[in-house]
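Undergrad: Turn these sequences into a full structure, and let the hints steer you where they fit.
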Amino acid sequence: MVYDMILPIIPFIGGYLLTYSLYKRGVIRKSVHISLWNLILLLAFLISGGAGFILTILLEFGISLPVNQPFLFWHVELGVTLVLVTVFHLHTYWKSTKTMFISPKRRDEH
Amino acid sequence: MNINFKEKLVSAVSTIPLIAGVTMSSSCGVSCPYGLSCSYPGECRRYTDAGGDGICDLGQTSSSSTDTASSSTYDDGSSTSSTDSSSYDPASSAQDQADTSTSLVDTGNTNDSNASAVTDPGSGVDSSLGDNPNYFVIPVSMLLIGLYLFTSFLFTRGILDQQKHRRIWNILLTAGMAGSGITGILLIMIINLSIKTALNPSLTFWHVELSILMVLATVIHLHLYRKPFKNMFRVLFGIKNNWH
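As given, the protein sequences belong to chains A and B, one line each in that order. For reference, each letter of the first sequence is one residue, going 484 to 593 in my numbering. For reference, each letter of the second sequence is one residue, going 458 to 701 in my numbering.
No lab work stands behind these hints: they were computed from the structure. All residues carry an ideal CB built from backbone N, CA and C; glycine is no exception. Some hints could be false.
Claimed, not checked - Counterexamples of contact, computed for chain B against chain A with all Cβ distances above 12 Å:
1. Asp510
2. Leu604
3. Phe612
4. Leu656
To be verified - Going by beta-carbon spacing under 7 Å, a handful of chain A positions derived as facing chain B:
5. Val485
6. Tyr486
7. Ser514
8. Asn521
9. Gly532
10. Thr539
11. Glu543
12. Met583
TA: Here is the structure:
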């Protein structure tokens, strides 16, 4: 089985750039842009993470079902999207992300 | 009364990591973590060969107890060796083990099939699905849930402030996400390019373990940031916040 890498990446990069430019031009509010991508992140997580979790549970109990292969395929495809949208999420909350790695003392020094 | 009950509940739940740790260490010690039957030096650092048959004892224990399909592949003309392998008992005498090793060396076909099982550690996710490896889903999940209850307890007692509490779980989420994402992308590349390496089972194993961390840390993340999470639906769909 060969997994498609373009389908779960290109439309989402295009979509993010589009909503980001719309927000920057004042067409949509920042909260709409952020909430939209948070929802996409949630959906990607639910499908990819959910399918992965079900697959792991089936593996643990040694159960082999015909749905295993479609589950694995969508787990991988949505997993790629999840990684990409997580990068967008870190970009959206960049200030909070920086504080996660820099201690309050060092922040005060700067 | 209510506070007393809560304290008891929290102290009972905080023992979960200990139980999970004990369960995990015992299961690690008994069988091969990857569900393989390796020859020396093996895929991990736990190679042990008390029987002296050149195959890791941990893999033989797990394969003899769980994988009956692999023993049926032995049955290609040599019915004696098939019976030997299917009735393999780890507690059997040294004589039995010597017999098994002799049959592995002497019988050409049996040795070939065994060698392929030993040297082929799997070619990515597709083949590893049939190996039935142990991913410790329940112990790791219990460990993480116990850890969250412990940090929540420290937060409610005022030992840990909200910022630090969130920071700990954000770091764990980032670590899980980065680890799971990187190993996942590597696995896709390995599968798409049909690369067969000895690292494939290890990559799959760590991908699963880090994904468990990621999934649970995400659920905790949603719980920690539940107010902005509820706002998301209000902003997008105009749903009023009636959840308490």
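Undergrad: Each hint: holds or not?
TA: A quick look at each hint next to the structure:
1. Asp510: Since the minimum Cβ distance to chain A is about 26 Å, B:Asp510 lies beyond 12 Å and the statement holds.
2. Leu604: holds, 18 Å
3. Phe612: holds, 17 Å
4. Leu656: Correct as stated: the minimum Cβ-Cβ distance to chain A is 18 Å, above 12 Å.
5. Val485: holds, 5 Å
6. Tyr486: Since the shortest Cβ distance to chain B is 5 Å, the answer is holds.
7. Ser514: With Cβ-Cβ at 5 Å, under 7 Å, it holds.
8. Asn521: holds, 5 Å
9. Gly532: holds, 5 Å
10. Thr539: holds, 6 Å
11. Glu543: holds, 6 Å
12. Met583: holds, 5 Å
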